[in-house]
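This is what each chain is made of:
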Amino acid sequence: MNSSWSYVSIAAVSLLQVMLVLLGGPLLLGLMRKVRCRMEGRVGPPIRQPLLDLRKLAGRERTRPEHTSWVFPLAPVVLVATTLVVAAIAPLLATNPAFGWSADLFAVVFLFLLGSVSLALGALDTGTAFGGMGASRAMTIGALAEPALLVAILALSVPAHSSNLPAIITRSLAHPAWLATPQRVLALVAFVIVIIAESGRLPVDNPSTHLELTMIHEAMVLEYAGPDLALVKLAESMRLVVLLTLLADLFIPWGIATAPGPSHLAVALVATVGKVALLGVALAAFEVTVAKLRLFRVPELLAGAFVLAILAVLSALVVP
Amino acid sequence: MVLVAILALPLFGGAAIAAGRGRRSSAWVAVATNGATLVLGILTAVRVVKDGPISGAWGVLRADALSVFMVIVIGAISLLASWLGIRTMARERELEHGSPVRPSHYGMLVQAFVGFMLLAVLAANVGVLWVAVEATTIVTVFLVGHRRTRGSLEAAWKYIVICSVGIALAFLGTVFVYLAALHAGGHSAHALDWTSLMAHAHRFNPSLMRLAFALIVLGYGTKVGLAPMHSWLPDAHSQAPAPVSALMSGVLLTVAFYAILRFKAVTDLALGPGFARTLLVIVALLSLALAASLLITQRDYKRMLAYHSIEHMGLIALGAAAGIRLAIAAVLLHILGHGLAKSVLFLTSGEIMAAEGTSQIDGVQALLTRRPALGGVFGVGLVALLGLPPFSLFTSELVMVRAEFEVGLGWAAVLAMVAMVVIFIAVVGHARHMLLGPPPPSHVASPPHLAAPPRWVATPLIGGLAACGFIGVFAWPLSGLLEAAARVVAS
Amino acid sequence: MTPALLVATALAGLAASLAGAVTPDRLRIRVSTSLTIGACGCALIAGINILHSGHPAVVHTTALMPLSGFSLALDRFGALFVVISAVVGICALVFRLGYIGHGLGSRTASCILPLFVTTLLLVPAASNVTTFLFLWELMAITSLLLVLTDHAHRGEVQVAAQWYAVMTQLGAAALILGLVLLATRTGSQSFAVIALRSAHLPTWVRSTAFVLALVGFGSKAGAVPLHVWLPRAHPEAPGPVSALMSAAMVNLGVYGIVRVGMGLLGGGPTWWWLLVMFLGALSAMFGSLHSATSRDLKRLLAYSTTDNVGLMLLGVGASGLFASTGHRALAVVALVAALLHVVFHAVFKGSLFLSASSVQQATGSTDLDGLGGLLQRMPVSGPIFLVGGLAIAALPPFCGFVSEWLLLQSMLHGLPSSDVAIAVAMPIGVGVLALTGGLTAFTFAKAIGIGLLGLPRTDGAERATEVRRPMWVGAGLLALLCLVFGVAPFLVIPAVVDAAGVVTRFHSAGALTHGWQIGLPGVPGMLAPGLLALGLLVCTGLVALARGLVRRSPVRLTEAWGCGRELQTARMEYTATSFGEPLTRVFEDVLNPSRDIDASHIAESRYYTEAAVIHTSLEDAFERHLYRPADRGFQRWGALARRVPNGSVHRYLAFGLVALIIVLVVLA
Amino acid sequence: MNGSSYSSALTLAAGAVLVCAVAILWLASIRSVIKMVATQGIALGLVAVVLGVHLRDAGLLAAAAVVIAVKGVAIPLLLGRASGGDSGSRESRPLVNVPASLVASAALIVLAFVTGRSVARFVGTTAGALVPIGLATLLIGFFVLVARRRPTFQIVGLLMVDNGIALTAFLCTAGFPFLIELGVSFDVLLGVVVLMVLSQRLRIEFGDIDLDELRELHD
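One line per chain: the protein sequences are A, B, C and D, in this order. For the first sequence, the numbering used here begins at 1 and goes up steadily by one. For the second sequence, the numbering used here begins at 1 and goes up steadily by one. For the third sequence, the numbering used here begins at 1 and goes up steadily by one. For the fourth sequence, the numbering used here begins at 1 and goes up steadily by one.
What the hints contain is simulated information worked out from the structure, not anything from laboratory work. Honestly, I wouldn't trust all of these hints.
Claimed, not checked - Per label pair, the in silico range of CB-to-CB distance:
hint: 1; chain 1: A; residue 1: T289; chain 2: C; residue 2: F490; range: 44 to 54 Å
hint: 2; chain 1: B; residue 1: G480; chain 2: C; residue 2: V58; range: 22 to 32 Å
hint: 3; chain 1: C; residue 1: V159; chain 2: D; residue 2: V114; range: 54 to 64 Å
hint: 4; chain 1: A; residue 1: R60; chain 2: C; residue 2: R30; range: 48 to 58 Å
hint: 5; chain 1: C; residue 1: I662; chain 2: B; residue 2: M198; range: 27 to 37 Å
As the list claims (entries may be wrong) - For the chain C half of the interface with chain A, some residues (derived, Cβ under 10 Å), not all of them:
hint: 6; residue: V211
hint: 7; residue: V215
hint: 8; residue: F444
hint: 9; residue: C539
hint: 10; residue: R551
From a predicted model like this one, the values you see are computed outputs, not experimental measurements. Glycine included, each C-beta is placed from N, C-alpha and C at the ideal position.
Assemble the whole structure, with the sequences as input and the hints as a guide.
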């Protein structure tokens with residue numbers, strides 16, 4: 001990292017990123033819901049509706065099932081905390097956020113895994129059938145998505161000789177030719193499939209359903225109410241924003257701030273918000289056209305992603 | 001003179017039993033004499049290691065390091081066997097409602113048996129060795145048939161017929177060796193002495209010596225229990241009373257192997273090590289394969305121990321086949337270790353047989369919970385026998401494998417190791433059925449004094465195992481004797 | 001000074017074993033355990049001394065071990081394993097002070113346990129073939145006897161012990177042949193001389209010795225084809241013994257492979273290490289899959305040991321592969337990753353097994369379908385198991401994450417490579433690492449979720465109370481180490497780097513930049529586990545504060561939502577079987593679970609069932625396809641052989657006559 | 001004894017031993033077999049006498065006397081008395097029937113001569129040339145042991161093996177030092193006595209036993 005970054009600017013970048021993620025998350029969900037309704041011919045709620053929901057929920061009373069242990073209330077907190085840590089150190093807006101040198105792609109994946117495990121434990125603590133079912137399905141999908149994710153990361157890290165995020169982004173900025181190689185395209189497709197699975201979007205899991213047979217993420221958070229539910233919903237949206245931003249930075253990195261100074265940051269902010277909004281709309285449009293997969297067809301999807309990722313790495317061998 | 005004393009002691013014990021008409025006090029005298037034999041053997045060993053072989057009784061007896069080592073082995077195991085023999089004689093007296101005839105016969109025959117083995121080992125010349133070994137066969141026939149059951153009678157018949165034929169073949173081998181010695185210029189009176197044989201061996205006729213040694217291995221091999229003339233061993237050892245089968249399995253087999261070792265020394269000088277090595281390897285691998293195959297579905301634990309003896313004799317033969325000094329030292333250590341472990345196991349199986357009434361493996365269940373002392377000693381004995389540390393059989397087997405690899409017999413060592421693993425799997429299966437598990441529901445807890453054997457019975461068994469462990473871990477007492485004895489065979 | 005400590009360890013162990021056999025009942029456990037802890041202490045000090053100073057401690061005497069002599073030489077590589085065994089030993093023995101039951105109180109058990117611990121401490125120090133094999137087999141037989149302590153109460157202990165004895169003997173036979181082949185071919189017993197002369201041996205000798213050593217040590221470590229005893233023996237062994245076996249004895253298998261493969265033979269051709277990686281990958285996937293779908297807690301932990309051994313072998317294989325293709329620096333990094341995983345696995349597996357034994361003692365069973373709600377009932381052992389579970393699932397604040405990350409890094413930096421073997425092996429290695437990581441996360445989410453959280457499913461779990469203090473102190477110590485090593489791995493990494501350097505004989509000082517952030521030299525980007533943990537702590541605090549500020553009213557306890565039903569019972573909860581059911585269905589063809597339903601119909605009509613019982617069982621694939629047929633063949637051969645000696649004296653004499661004729665024909 | 005008559009006497013005596021061996025195979029009734037083994041013992045003694053006279057060796061003559069006393073007279077008498085009970089019985093169905101046994105004995109004799117030639121050439125003396133006869137008797141004795149069911153026949157077989165070996169010993173090395181010769185024949189006598197006691201017990205326990213049926217002890 002060039003030493004031109006002063007500590008103030010580094011801290012500013014991290015803070016800006018955290019604010020972007022905190023506010024951007026619910027807004028992005030609002031935007032996606034608006035796009036879905038428009039395509040289905042409905043007017044749909046305003047884009048800032050999720051923010052209003054969060055404010056409403058924050059005001060509500062906190063409840064907890066009788067014989068749950070301290071894991072139940074702690075789970076949403078850990079979930080949000082892990083996403084916050086990633087938002088702080090990952091290069092979303094600039095290539096040199098606070099402690100950017102330790103923003104390792106593998107570490108990001110394992111932080112997300114910690115979040116989903118804590119949520120699963122919180123669900124199991126409720127002692128209800130829904131909690132168990134949701135946790136079991138979420139962990140199965142998480143376990144099967146892991147290989148595709150890590151091998152896709154391997155495919156990205158090999159040309160940059162390191163799995164550090166800022167390093168990958170700066171190297172891909174320096175060699176734009178890499179972005180068109182088959183290796184990157186295959187990795188991109190694998191990444192998209194895994195992101196859909198991780199964040200629980202259609203066709204893997206329908207976030208807006210309450211039908212026992214099909215809900216995965218929703219089943220786990222059935223017992224949360226008031227502020228806890230707000231935290232869970234916030235975490236869900238933040239996780240989606242972080243993943244989409246990372247996707248954008250890794251595959252279409254132009255516009256990310258590589259030098260300090262407010263002007264660069266402003267450009268980066270606009271570029272990132274634009275890219276993420278674009279990706280959000282594309283995802284929403286894709287969701288409208290596709291139906292939910294049966295639970296036992298999801299592993300085939302993830303297996304396909306894994307094979308694509310392996311091909312990505314092996315093609316790196318053929319095309320240097 | 002001390003050699004004559006060693007020989008006289010067991011016979012004196014026998015006479016004491018006869019005089020005491022089989023009563024317990026006279027039996028203890030016999031045990032004391034065997035103990036004295038052991039002590040005398042150790043003292044002689046120290047003397048022989050220090051200032052070389054000594055001879056006695058007008059040249060008929062001669063003790064060098066190898067034969068003194070065998071005296072120690074015989075002394076130790078005869079001490080254990082006669083100590084537990086008191087238990088057999090006591091049970092015998094109950095059966096015969098107090099008539100002392102049969103117990104005293106039994107005591108005298110055992111002491112005679114020990115005496116003849118000592119004669120065989122201390123014999124200076126080959127003819128006396130043969131006569132002594134034949135005499136042991138004749139003495140043990142009545143001991144094998146002692147229990148007067150149909151099985152023991154059948155076992156006795158097979159034992160005497162097969163062993164007599166085997167010993168006759170060994171005599172033919174001795175004749176040919178005598179012939180070769182005469183033609184090499186040896187003086188007819190002393191031609192059969194080991195010393196003159198070793199001195200003139202390099203001038204013996206090679207083809208005659210090949211035939212002679214083959215006959216010796218086939219003949220004495222019968223007494224050692226090596227294939228192909230081994231079939232008497234499981235029957236005899238399973239039907240004989242426990243102390244007798246302990247003595248036979250523990251030391252009689254190795255005394256016969258002592259004879260083969262002696263002749264191997266002569267043959268190696270005459271023909272070079274090649275011939276003896278190939279012959280012993282063939283016989284050893286045959287015995288190992290046989291023992292391994294027949295142990296898998298064994299139903300009787302005494303026969304299991306007998307087949308185990310065949311396996312260990314096969315290992316000893318393979319070790320001797322390697323022939324270098326290290327191998328012979330390991331073979332001798334294995335002889336002592338196996339003798340101790342096997343005799344303790346046979347004696348314990350005798351106690352188990354008396355307590356449980358059957359020698360079938362399925363007939364005995366959860367021994368460790370119902371009779372902890374007996375089950376414990378039997379279990380630890382099996383651990384020692386299977387060649388697991390800290391007992392001496394592990395160390396000697398390892399050194400033998402090392403020697404075999406050094407001599408180029410690596411492939412034979414691999415086959416032997418495979419056989420040993422097969423036997424380990426089989427014996428662990430059988431031991432599991434006998435020792436482990438919760439006691440069967442039908443079992444009524446026997447009163448404690450019957451469950452655990454009295455202390456004086458347990459001490460020799462635990463002492464035997466402790467000795468086997470001691471010589472396995474500490475090199476101190478035996479190292480000098482082993483080196484000297486190995487030099488005698490593989491000079 | 002350190003040689004004296006080694007001798008002190010041995011003597012203290014023997015004294016403890018003697019004390020265990022002799023002292024009266026009341027004092028027996030306390031005296032023998034404290035003496036053994038003393039032995040572990042001596043070994044620990046000796047190990048740390050050597051790790052620090054680097055001069056090996058040599059003890060040699062010909063008074064022991066007839067015809068071969070007894071010699072110990074502890075170098076840095078061996079010292080690392082001695083330290084691990086000592087730490088796990090101390091914690092397990094502290095645990096044992098409070099542990100009642102499972103037959104450990106008997107005289108034989110308290111006499112044999114010190115012997116077992118002493119052999120664990122001395123095996124890495126053995127420096128000649130006979131001493132090594134003596135200690136190795138003594139360790140095997142003592143652990144077998146300890147597994148047998150409870151044979152009088154439960155039938156399956158016998159079966160487990162038989163499997164264990166047979167598999168260990170197979171391994172030991174291969175080991176004896178391999179090491180003796182090496183010793184005789186190089187003309188000396190001592191490891192140092194073998195290491196020097198092994199380079200000139202013919203390739204077939206080196207390859208045979210390596211493969212035999214791989215079989216021998218692989219069977220002890222629990223690598224796949226030879227792992228069958230591990231999920232049977234560990235659950236049956238008493239608590240502290242199963243912890244010692246899983247956390248200390250299994251490492252010695254990996255120690256052996258590295259010592260023979262890299263130390264004695266100095267590396268070898270590529271196919272050696274591809275074989276090790278293949279075994280590692282197979283063990284990792286097979287172990288993690290079976291632990292994800294197993295129902296018994298200790299069986300789950302045993303299978304996860306096979307899985308973690310697979311990961312260690314992957315690291316060792318990768319290191320050997322790099323060394324054989326010339327990338328010496330990368331080889332050291334991969335070996336450091338593997339050894340670090342050994343250290344961390346010993347710590348979290350030790351705490352998991354100890355806390356699982358606490359659960360077994362508190363509730364009376366380790367069947368996950370019968371546990372639940374233990375976090376509230378066992379306020380100390382519960383969190384310890386939670387910490388252990390999160391650590392083994394490689395989640396950030398704990399130590400599992402660091403070693404998993406380093407394994408991934410060592411495989412990543414192998415690419416891009418012109419060598420086809422590396423280019424293919426590394427991506428598949430990362431794939432296997434990822435799948436096993438995912439499955440382990442699934443497994444321990446299940447173990448923690450079903451075991452500790454929710455409603456207690458049986459009254460055994462209902463009535464569970466916290467175990468006695470020494471038990472959770474022992475387990476807690478290891479859990480604390482999980483956290484400490486997770487946050488500050490620099491406490492361990494330098495020692496591991498030196499140890500790796502010693503065994504690969506390559507100057508390894510600069511191989512890994514270690515301070516509080518870990519990274520490879522010349523590669524941008526590093527990992528700062530301490531920083532991540534701090535960040536997590538701060539963020540959690542902030543979020544909790546925010547939630548507290550927004551709504552200060554007390555939390556209202558409500559009835560969990562049951563679709564309008566009033567009564568919420570434990571029967572409605574998910575169980576371990578149902579939790580693992582989706583995964584079993586996904587991997588149906590690998591696991592092929594057997595599921596048979598027998599329904600009894602009412603007399604009148606077949607269409608109405610009176611009662612139905614379902615039996616599902618998951619048999620180990622290797623057991624069904626490899627070991628059962630071998631056993632059937634074994635018995636058939638036995639039955640065949642029995643027919644030859646049919647008892648007739650004529651047949652026996654005929655054998656003799658044929659032999660005589662052969663002798664006459666051949667020789668005369 | 002001059003050369004030619006000595007060698008012819010020696011060949012006659014040794015030949016007699018072999019003829020008796022073949023005859024035993026041929027005969028079935030126990031009484032005649034015992035008589036045949038007695039004649040074999042005496043023939044063996046005569047060989048020793050001829051050798052003793054030829055070599056003027058007192059030890060050898062004493063040994064010959066012992067052999068005739070033990071193997072020629074004592075043992076057959078004991079055998080006769082021991083099998084008194086079933087003297088009339090015959091070896092009704094031997095394991096290997098008589099014609100097959102005779103063919104086998106012929107093969108064994110050929111084998112003995114082929115293998116014995118090298119030993120004979122090595123010994124060199126006229127007595128040495130007859131060593132194959134000793135080997136043949138040994139092999140036929142062993143064959144009787146294997147092929148006959150009655151216990152008495154097995155004792156006879158064992159005796160034939162001993163006679164074969166004693167004959168080889170006399171022919172090769174003009175006998176052993178007297179002390180060992182005494183020991184050997186004393187051992188053989190004791191062996192036969194033990195066998196007879198055992199066969200009586202067998203008859204008491206199992207009745208008129210056929211040894212091939214005696215298979216209680218097997219794995």
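Hint-by-hint comparison with the structure:
Taken as a hint, the range 44 to 54 Å holds for the pair T289 of chain A and F490 of chain C, whose Cβ atoms sit roughly 52 Å apart. Our hint of 22 to 32 Å for G480 of chain B and V58 of chain C holds, since their Cβ atoms are close to 26 Å apart. As the Cβ distance of V159 of chain C to V114 of chain D is approximately 59 Å, the hint placing it in 54 to 64 Å holds. The given range of 48 to 58 Å is respected by R60 of chain A and R30 of chain C, whose C-beta atoms sit roughly 57 Å from each other.
Distance hint for I662 of chain C and M198 of chain B: a CB-CB separation of about 29 Å, consistent with the stated range 27 to 37 Å. With its C-beta approaching chain A no nearer than about 29 Å, V211 of chain C sits outside the 10 Å limit, and its interface hint is violated. With a least beta-carbon distance of about 29 Å to chain A, the hint placing V215 of chain C at the interface is violated under the 10 Å criterion. Residue-level restraint check for F444 of chain C holds (minimum Cβ-Cβ distance to chain A is 8 Å; threshold 10 Å).
Given hint, C539 of chain C at the interface with chain A, holds; its Cβ is 4 Å from that chain's nearest Cβ, closer than 10 Å. At about 5 Å, the closest approach between the beta carbon of R551 of chain C and any beta carbon in chain A falls short of 10 Å, and the interface hint on this residue holds.
The structure is inconsistent with the numbered hints 6 and 7, although it conforms to all the rest.
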